[in-house]
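Protein chains: 2
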Amino acid sequence: MKTGSRITTLVAAALAVAGATVVAQSGRDPLPSWNDTAAKKAILDFVAKVTKEGSPDFVKPEDRIATFDNDGTLWVEQPIYTQVTFAIDEVVAMAPQHPEWREKEPFKSILAHDRGAMLNFSIQDFEKVVAITHSGMTVQQFRDTVKKWLAEAKQPRFKRLYTECIYQPMLELMQCLRDNKFKVYIVTGGGQEFVRAFAGPTYGVPPEQVVGSMGKVKYEYNKEGSPELIKLPEVLLIDDKTGKPEGINMVIGRRPQAAFGNSTGDQQMLEYTGAGDGARLMMLVHHDDAKREYAYGVGSKIGTFSDALMAEAKKKGWIVISMKEDWKTIFPPAKP
Amino acid sequence: MKTGSRITTLVAAALAVAGATVVAQSGRDPLPSWNDTAAKKAILDFVAKVTKEGSPDFVKPEDRIATFDNDGTLWVEQPIYTQVTFAIDEVVAMAPQHPEWREKEPFKSILAHDRGAMLNFSIQDFEKVVAITHSGMTVQQFRDTVKKWLAEAKQPRFKRLYTECIYQPMLELMQCLRDNKFKVYIVTGGGQEFVRAFAGPTYGVPPEQVVGSMGKVKYEYNKEGSPELIKLPEVLLIDDKTGKPEGINMVIGRRPQAAFGNSTGDQQMLEYTGAGDGARLMMLVHHDDAKREYAYGVGSKIGTFSDALMAEAKKKGWIVISMKEDWKTIFPPAKP
Numbered sequence: 094m095k096t097g098s099r100i101t102t103l104v105a106a107a108l109a110v111a112g113a114t115v116v117a118q119s120g121r122d123p124l125p126s127w128n129d130t131a132a133k134k135a136i137l138d139f140v141a142k143v144t145k146e147g148s149p150d151f152v153k154p155e156d157r158i159a160t161f162d163n164d165g166t167l168w169v170e171q172p173i174y175t176q177v178t179f180a181i182d183e184v185v186a187m188a189p190q191h192p193e194w195r196e197k198e199p200f201k202s203i204l205a206h207d208r209g210a211m212l213n214f215s216i217q218d219f220e221k222v223v224a225i226t227h228s229g230m231t232v233q234q235f236r237d238t239v240k241k242w243l244a245e246a247k248q249p250r251f252k253r254l255y256t257e258c259i260y261q262p263m264l265e266l267m268q269c270l271r272d273n274k275f276k277v278y279i280v281t282g283g284g285q286e287f288v289r290a291f292a293g294p295t296y297g298v299p300p301e302q303v304v305g306s307m308g309k310v311k312y313e314y315n316k317e318g319s320p321e322l323i324k325l326p327e328v329l330l331i332d333d334k335t336g337k338p339e340g341i342n343m344v345i346g347r348r349p350q351a352a353f354g355n356s357t358g359d360q361q362m363l364e365y366t367g368a369g370d371g372a373r374l375m376m377l378v379h380h381d382d383a384k385r386e387y388a389y390g391v392g393s394k395i396g397t398f399s400d401a402l403m404a405e406a407k408k409k410g411w412i413v414i415s416m417k418e419d420w421k422t423i424f425p426p427a428k429p
Numbered sequence: 094m095k096t097g098s099r100i101t102t103l104v105a106a107a108l109a110v111a112g113a114t115v116v117a118q119s120g121r122d123p124l125p126s127w128n129d130t131a132a133k134k135a136i137l138d139f140v141a142k143v144t145k146e147g148s149p150d151f152v153k154p155e156d157r158i159a160t161f162d163n164d165g166t167l168w169v170e171q172p173i174y175t176q177v178t179f180a181i182d183e184v185v186a187m188a189p190q191h192p193e194w195r196e197k198e199p200f201k202s203i204l205a206h207d208r209g210a211m212l213n214f215s216i217q218d219f220e221k222v223v224a225i226t227h228s229g230m231t232v233q234q235f236r237d238t239v240k241k242w243l244a245e246a247k248q249p250r251f252k253r254l255y256t257e258c259i260y261q262p263m264l265e266l267m268q269c270l271r272d273n274k275f276k277v278y279i280v281t282g283g284g285q286e287f288v289r290a291f292a293g294p295t296y297g298v299p300p301e302q303v304v305g306s307m308g309k310v311k312y313e314y315n316k317e318g319s320p321e322l323i324k325l326p327e328v329l330l331i332d333d334k335t336g337k338p339e340g341i342n343m344v345i346g347r348r349p350q351a352a353f354g355n356s357t358g359d360q361q362m363l364e365y366t367g368a369g370d371g372a373r374l375m376m377l378v379h380h381d382d383a384k385r386e387y388a389y390g391v392g393s394k395i396g397t398f399s400d401a402l403m404a405e406a407k408k409k410g411w412i413v414i415s416m417k418e419d420w421k422t423i424f425p426p427a428k429p
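The listed protein sequences correspond, in order, to chains A and B.
Numbering-wise (this note's numbering), the first sequence opens with residue 94 and increments by one.
Numbering-wise (this note's numbering), the second sequence opens with residue 94 and increments by one.
Since the list can't tell identical chains apart, any single copy or any two copies may satisfy a pair.
Below 27 Å or equal to it, Euclidean Cα-Cα: the simulated DSS-like pairs (lysine-lysine) are: (1) K394 - K407; (2) K274 - K153; (3) K241 - K309; (4) K153 - K276.
These are calculated hints, taken from the structure and not from any lab test.
Just so we're clear, the structure is a prediction, and the values are computed from it rather than from any experiment.
Start from the sequences and build out the full structure, keeping to the hints where you can.
This is how it looks when you write it as structure tokens:
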């Protein structure tokens, strides 16, 4: 049936461009790594509501926005934030050019691999480390350095690249939202340029959809007269706690309908999201799976999930995702 | 032919979703308000190059970014920037609550409608006016105030709403780029929230695609306990000159392939755009049409187009658009 198959090809080609919508309507389970618990149901109910034309909760496709925290929400943040490990490794790599660091804190402790001292670093110590490792180069050079590091550095427990220590169920959730015309953003306390360096290939999130802590940049000309953006050691925004809705306004300029986090740093983002009209979805990943990942929360320095946050979640109807109960698998299959 | 028409309907429906691409391939002139001059040819050549798969200049659809200045590039900026007129009108509207302004500059001159004094306002005078009219309210309240003002205020010469004093050829250019999968941004020296208030209905540009001069915002709770973003009088970024590439990096995080401006404030944005690899398109609108719009440039306080900028354009191959020669029409048809 030559004509028939030609028409089929035409339809298929047109549908391939239309893409996303059709996939979502195919009947395939969009969240195969989620157990059939309340969390999964809440996601599917929310998506059904906001995408149903004529429903009071309907949101026009071009207005659909979802925001995801990164550390502890999309990838592993234990035993220490990946970006901190990166900064420490960079200090070690830069040390030959800085002989004075051998006698100067906080660099001295880092070069001596003194984990005890590092765990007790003050905010000021960290600021010094971040300033020296995250400024003085072009934005592109910085991203290249991050990419190169991420291509080799491995998470100590799972012995995988950090970009492979990402949560399969959250990848499916992001894709499900995209299939339903949501613009998916990362809103991270981590550095905006650090996360931009890997968010594309790792999560399918382009640079303009990464909101993060920002440093100033300066427009300058290099020796060849070409313009460059140089990273400066001055902070423009700490995209954490109240900084998250502030950063969302700066870069996105409107309120998301759905927000996903895992710690006290995400409380205001969820609160801001929940304060809008119509159907809303706020979720917190709870790390309660010591066997497959980590169990932490109250009292953890990394990714604090305080009792107050749990109480707030209950009060406001935010859904707490139990990694142990709600997720069939944690990570994507290992790459060959 | 029932089956046939059903298939046609299916194809049509799928194509309707695919939309944009198909329109661009229909053979219809995408730039009907442009004369057949070098400027129009340069646009069409650029679009053909970057969208042709296999061409060395091909840019993947998801990587296509174009940035447009607003004042003087997308809408009229003479005899005075629209946002300044707004601020002055706001001072007048707020005056009953501020009896002290009758004796206090710069408010005194504004309330006395002293145009001579206003033309000689210093930067500090303007800062005072902007601070009082652009902060102390929520982001949403501010946008609502702008919308309300724009729904009534008229441009003094053309006796049309400011949002109707927009350039038809530039609207077509934005749509042509969108039809070819470009993400179209506004990068304006004007206030980000001011431009976000009308960029959607006026230009088809959503809030997240408006980069502008930014003030700080503060996350707070109102009397009902609801979270709000309050505009503060502190400046975060002046999105003009070197601030344009800096703002582009902050919000977009990558280099555009095409950039459009009209004054010295746009030079660095065009320079930054032009410094990338592959095909590039940089254009400057030159206001040389006193009859249909305005003629100004060198020496104009509003929208300065200096001799140095003209020399730079020639040196770098930026295309200077002559409103007089290159544009068939200036504004869209009057609304009934």
